Amino acid sequence: MIPNYTNVHLRFKLDNLSYNHEDLMEVAYSYVKEGLPYQQELGNFLLDWLDDKDYVIVKTSGSTGKPKKIKIKKQAMVNSAIATGDFFNLKPGDKVLHCLPANFIAGKMMIVRAIVLGLELDMVEPAALPLIDYEKDYVFSAFTPMQLKNFAKYLKKIKTVIVGGGRVSKAIIELIKDKKPNIYETYGMTETVSHIAVKKLNNFSGDADHFFTTLPEIKVSQDDRGCLVIDAPNLSDKKIVTNDIVNIISDSSFEWLGRFDNVVNSGGIKLFPEQIESKLQDKIAGEFFIASEEDDALGEKLILVLEGEEKNIDEAIFECLNKYEKPKAVYAISKFKETSSGKIHRKNTLDALNLT
Numbered sequence: 001m002i003p004n005y006t007n008v009h010l011r012f013k014l015d016n017l018s019y020n021h022e023d024l025m026e027v028a029y030s031y032v033k034e035g036l037p038y039q040q041e042l043g044n045f046l047l048d049w050l051d052d053k054d055y056v057i058v059k060t061s062g063s064t065g066k067p068k069k070i071k072i073k074k075q076a077m078v079n080s081a082i083a084t085g086d087f088f089n090l091k092p093g094d095k096v097l098h099c100l101p102a103n104f105i106a107g108k109m110m111i112v113r114a115i116v117l118g119l120e121l122d123m124v125e126p127a128a129l130p131l132i133d134y135e136k137d138y139v140f141s142a143f144t145p146m147q148l149k150n151f152a153k154y155l156k157k158i159k160t161v162i163v164g165g166g167r168v169s170k171a172i173i174e175l176i177k178d179k180k181p182n183i184y185e186t187y188g189m190t191e192t193v194s195h196i197a198v199k200k201l202n203n204f205s206g207d208a209d210h211f212f213t214t215l216p217e218i219k220v221s222q223d224d225r226g227c228l229v230i231d232a233p234n235l236s237d238k239k240i241v242t243n244d245i246v247n248i249i250s251d252s253s254f255e256w257l258g259r260f261d262n263v264v265n266s267g268g269i270k271l272f273p274e275q276i277e278s279k280l281q282d283k284i285a286g287e288f289f290i291a292s293e294e295d296d297a298l299g300e301k302l303i304l305v306l307e308g309e310e311k312n313i314d315e316a317i318f319e320c321l322n323k324y325e326k327p328k329a330v331y332a333i334s335k336f337k338e339t340s341s342g343k344i345h346r347k348n349t350l351d352a353l354n355l356t
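Just so you know, we're using our numbering here: the sequence shown kicks off at 1 and counts up by one.
FYI, nobody ran anything at the bench for these hints, they're computed from the structure. Source: prediction; values computed, not measured. Beta carbons are placed, not taken as given, at the ideal position from N, Cα and C, and that holds for glycine. Hints may contain errors.
Cross-link-like lysine to any residue pairs, in silico, SDA-like; alpha carbons within 25 Å at most [unchecked claim]:
#1 Lys323 x Leu306
#2 Lys13 x Val27
#3 Lys270 x Asp282
#4 Lys283 x Ser253
#5 Lys136 x Leu36
#6 Lys179 x Gly206
#7 Lys323 x Trp256
#8 Lys326 x Thr349
#9 Lys136 x Leu155
#10 Lys68 x Glu191
#11 Lys68 x Val229
#12 Lys199 x Thr186
#13 Lys170 x Lys59
#14 Lys170 x Pro216
#15 Lys159 x Asp224
#16 Lys53 x Asn322
#17 Lys179 x Val229
#18 Lys71 x Lys91
#19 Lys337 x Asn322
#20 Lys95 x Leu131
#21 Lys149 x Glu274
#22 Lys177 x Ser253
#23 Lys71 x Pro216
#24 Lys71 x Asn322
#25 Lys301 x Asp261
#26 Lys95 x Asn20
#27 Lys283 x Ser169
#28 Lys59 x Leu47
#29 Lys69 x Glu338
#30 Lys347 x Gly308
#31 Lys73 x Asn234
#32 Lys74 x Leu24
#33 Lys337 x Gly206
#34 Lys91 x Asn16
#35 Lys170 x Asn322
#36 Lys73 x Asp282
#37 Lys199 x Trp256
Derived DEER-like restraints, expressed as beta-carbon distance ranges [unchecked claim]:
#38 Lys343 x Lys239: 24 to 30 Å
#39 Glu191 x Ile248: 17 to 23 Å
#40 Pro37 x Lys177: 33 to 39 Å
Let's have the full structure, built from the sequences with the hints guiding it.
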């Protein structure tokens, strides 16, 4: 029998205390009235989750456009929690660590998983290095890339870690490659109710580990642009068409190449900025991204945009790139424009450069 969003699992605990539906409502009110800012966010979400409506309003991150609010069915969130629980073999009574903000979908889903699956959830204030009880063992947790980097030496206390919300650099992958816990990069968005696929970042057992693998009951395909199409009937009534260009390995696995919005067509050659950035990420200190500007001969020419006042760099860093991938110009801007969730907003940053 599939759990319903109106139920609170008998084994659910929040910070070592058990709660039923009514008790959890009281805690939520208390958090909103008297809690720290992160507890107020938790309280507001719990009040939304426990009310009589069959949906919640969730804010998107704004990574690919203006942040917006969308309506998500609570039962879809339950189904997502079950899929994650099945994939990672989470069981009632398992202890999980929550150190993400509760105002975006990733943080909300950590709470829903605990309520639905009967997990014992320890909630700590979101920070670059979360302050937790380092003597405790956890079965599962979710981090941002920065948190994962800072938390790397404590990972032995967590069995399984998922990381999302930004690019996982080669430096971070190097830090975690020999760690005992299984660490996975996630693929998903607000519209897919958190992640729908994961990819291992360490402890590889075969070639398939290097691609994204979908959660149960989720299939993938491509549209005529080469972009990912997600068929997740338990999460959405319609297929979800993304702007992510992928290489389909099977109907349950894929390789992510980059954003359709960011693809550069330079003299008839299609270039993926994200792939180039991956090659350069350990060679450039500070924030940067690859983009394009108009060019009379090529149509579009590749450019490198740096955060800071200095744009003089050693051309030797481009030796790792093929001849088409080398930027034709370098620009610098004192501060990148960001989305509400702290990600680089490429378009607004380029607009601020006023290249045209």
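State the violated hints by number, sorted upward, taking the hints as numbered earlier in the document. 4, 13, 14, 15, 16, 17, 18, 19, 24, 33 and 36
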